[in-house]
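Peer 1: Below, each chain spelled out in residue letters.
There are 2 protein chains.
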Amino acid sequence: MAENKIPYKIYLDESEIPSKWYNLRADMKNKPAPLLNPGTHQPMTAAELEGVFCSELVAQELDNESRYIDIPEEIQNFYKMYRPAPLVRAYYLEKALGTPAKIYYKFEGNNTSGSHKLNSAIAQAYYAKKQGLKGVTTETGAGQWGTALSMACSYFDLDCKVYMVKVSYEQKPFRREVMRTYGASVTPSPSATTQVGQKILAEHPGTTGSLGCAISEAVEAAVTNEGYRYVLGSVLNQVLLHQSIIGLEAKAAMDKYGIKPDIIIGCAGGGSNLGGLIAPFMGEKLRGEADYRIIAVEPKSCPSFTRGVYAYDFADTGMVCPLAKMYTLGSDFIPAPNHAGGLRYHGMSPVLSQLYADGLMEATSVAQTEVFAAAEMFARVEGTLPAPESSHAIRAAIDEALKCKETGEEKTILFGLTGTGYFDMLAYEKYHDKKMTDYVPTDEELAVYRAKLPKID
Amino acid sequence: MAENKIPYKIYLDESEIPSKWYNLRADMKNKPAPLLNPGTHQPMTAAELEGVFCSELVAQELDNESRYIDIPEEIQNFYKMYRPAPLVRAYYLEKALGTPAKIYYKFEGNNTSGSHKLNSAIAQAYYAKKQGLKGVTTETGAGQWGTALSMACSYFDLDCKVYMVKVSYEQKPFRREVMRTYGASVTPSPSATTQVGQKILAEHPGTTGSLGCAISEAVEAAVTNEGYRYVLGSVLNQVLLHQSIIGLEAKAAMDKYGIKPDIIIGCAGGGSNLGGLIAPFMGEKLRGEADYRIIAVEPKSCPSFTRGVYAYDFADTGMVCPLAKMYTLGSDFIPAPNHAGGLRYHGMSPVLSQLYADGLMEATSVAQTEVFAAAEMFARVEGTLPAPESSHAIRAAIDEALKCKETGEEKTILFGLTGTGYFDMLAYEKYHDKKMTDYVPTDEELAVYRAKLPKID
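Chains as they are written, first to last, in my numbering: chain S, 2 to 458; chain C, 2 to 458.
For the record, the hints were derived by calculation from the structure and aren't laboratory data. Just so you know, these numbers come straight off a predicted model, no measurement behind them. Check the hints yourself; a few may be wrong.
No copy labels: a pair is met if it fits in one copy or bridges any two.
What the hints assert, rightly or not - Computed list of lysine-lysine pairs in DSBU-like fashion (alpha-carbon distance at most 35 Å, straight line):
#1 Lys167 / Lys431
#2 Lys130 / Lys81
#3 Lys32 / Lys131
#4 Lys103 / Lys167
#5 Lys131 / Lys406
#6 Lys435 / Lys131
In isolation and in its complexed conformation, chain S is listed as follows (with noise of 0.2 Å):
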């Protein structure tokens, strides 16, 4: 390695963290469909959206126009606690492998909600204080979002009112401490702090709760106290916006080092870190300055792109926001229990989903076992314990490498990795231990959600 000029990680300098996002909807010929209002099915106006979100955020949701847009001082200020994230040059696994590829990853794990999801939740708090809110509210599953959140309303001192899974909140009390460490306040849902939960508890008094429930509690108490406002951490436009700095960094960290990748690989599950890795390669793309294979990898057992339709549907399984037209496999889909590797929304960014209907990207979909086995063999050779939604494309990163290797081409491949796996260590001893089995809906289970679809011209 020593004698190789890159270096094993490439860190830009404090100076050289990107000042502006990349909205790459400015260069999409076909701009994502707009989000519909549930009841009449018109386009959603941004006096209809800043009930539910921020003012600016709703502007940033709907501008299809503007290439760049400055990150305020105060945001590129909080970036530069944990950015620039390195550009890792994975030597050890391409020795491991024994390809001629040469795979790089960016890693995004390094700070203390351990995602990328910070990029967004920074972004979302500061829009939120800016506005004289007094806090926000949101749902969490395992906890990754609610987690950035929490730091980010910490650095603005910015109420953060959490809904969480009642399953996760009892039996994964590791990232609901990290967010009462912020001082974040976090409820097991469905609660009775609201009528959507107090209804929910008497109709099923022994539910664990879902995400679609959580998504409706944290809208409800966003719309009914004074001074909130509900945010979401996937999905939306903006946040595919301020995602763009992962791949703004990727792409300088490669050109400051002469790199073009010939393939780039991100896990899907919203598309919030595909969406950003991605934006100035598929820039590039759409503008006819370059190529490059673009591939999604998502799981088998929620596979949106690969078996799911591009049609409206809801955005939550409770209903209750905005109807978006993308790859879904319906609002009611939810993987089996034993799925543990995440990835589990029914649907998919809107800006991803007509990029993909375009032709503009690829998707291929993995099985859970594979990804563990790819996760541990990562994190073996290249150190990082990886979280499972990230495995998922290094699987697809390892098997494109193993493709170099039979065919003896010197592809240059990157791909995202998006967190670290620390809390995410049962599913590993699932996997230890070898209890951990593969899901794949059958074509049956998934026309039974395709047919619930609302009908929507």
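Following the hints, put chain C in place on chain S, whose structure we already have.
Peer 2: Here is chain C on its own, set in the frame of chain S:
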């Protein structure tokens, strides 16, 4: 912040990672006292030590003369996976405290094992591999050292047998699973796999284990298995040597920006972090080239420096290891179970003990709830969630910075942030739920253990 010339995080270039460890003992006028054979009370010979430890590590243990020792290239390559570790200017903490002091911390938690322990683990694994051994054995409590060692052994394809205190094995399964991810075998101690374990199980069938018992099992496993040696993560001279990389990097980063610390603060359990952090600074002090205030911080519940005695004592509760001259509370001393903040070792590095006895450094002790208050404040303003152990240093750094606020002095403070608290959220939970209490042993308690110290002239 933006206008300040000193970046938030100072990263050395990869080429600036030190290529030699610094051996503080070479500059000590009064050398640390030698280890003694527990049977004969004579200094342990290299031959005796080599029955338990790797030969090259024994040489390092006994070498009081070589000022620098080359870091083998294989170890340098591994260091590049997670080093250089950043030196961070705590701008946000300074602002929150309103202090004129300038606070810096060297952050060693940016690797999967989550702490500085990896710096020595990789060195010890390397020398074991070089000696042609099959594997190594060790003990671990909550698992920080075991995790680091399992990563290191995975890198060199060495077998790694970890004896983990049973109560931690059962109640803190997360680090256990990280170790298994890296291929280590983790055995709850006491176990039926050793004679000493069988004996203890027969006498105390319901025991949940102790560190002392785990050490005894690990040493027995090393001695009775062909091709194995025992390794230890703190206390020993060799460990401080390897950990000097912390101080060397910190000093190089400070020198680069013309910064000279007035006060250097480190938490102290067995002394591995503190000894490493202060090494090059103490070297200058010993050679009369510069002066620094150096402060060891320990918990009030386990106050080896501040309330112990400087005497020969057993290094382990099982009394199978050599005798070491050190500040000690007695080898039977165990902090009360309500102490969740780590740093539970009854003794202290012989090197640091000699320096303290010679008046070259200070020591202070802090109460657990004060430590967690500092930890939570630090997390909120600086982002990073600190390990309870590291937070002892944070507490003392904050206290020194507050003194500067009173006096108006612009002192420069450097402290070691040894690791992250991701696996310590149950302790944080106790703190949040106001169930955490402080424990301070009475003089009478301490006298009981002191009376049991071995009588050595």
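Peer 1: All hints, please: hold or fail.
Peer 2: Now the hints, each set against the structure:
no., hint, in the structure
1, Lys167 / Lys431, "both (21 Å within a copy, 20 Å between copies)"
2, Lys130 / Lys81, "within (19 Å within a copy, 40 Å between copies)"
3, Lys32 / Lys131, "within (29 Å within a copy, 60 Å between copies)"
4, Lys103 / Lys167, "neither (43 Å within a copy, 44 Å between copies)"
5, Lys131 / Lys406, "between (52 Å within a copy, 31 Å between copies)"
6, Lys435 / Lys131, "between (50 Å within a copy, 34 Å between copies)"
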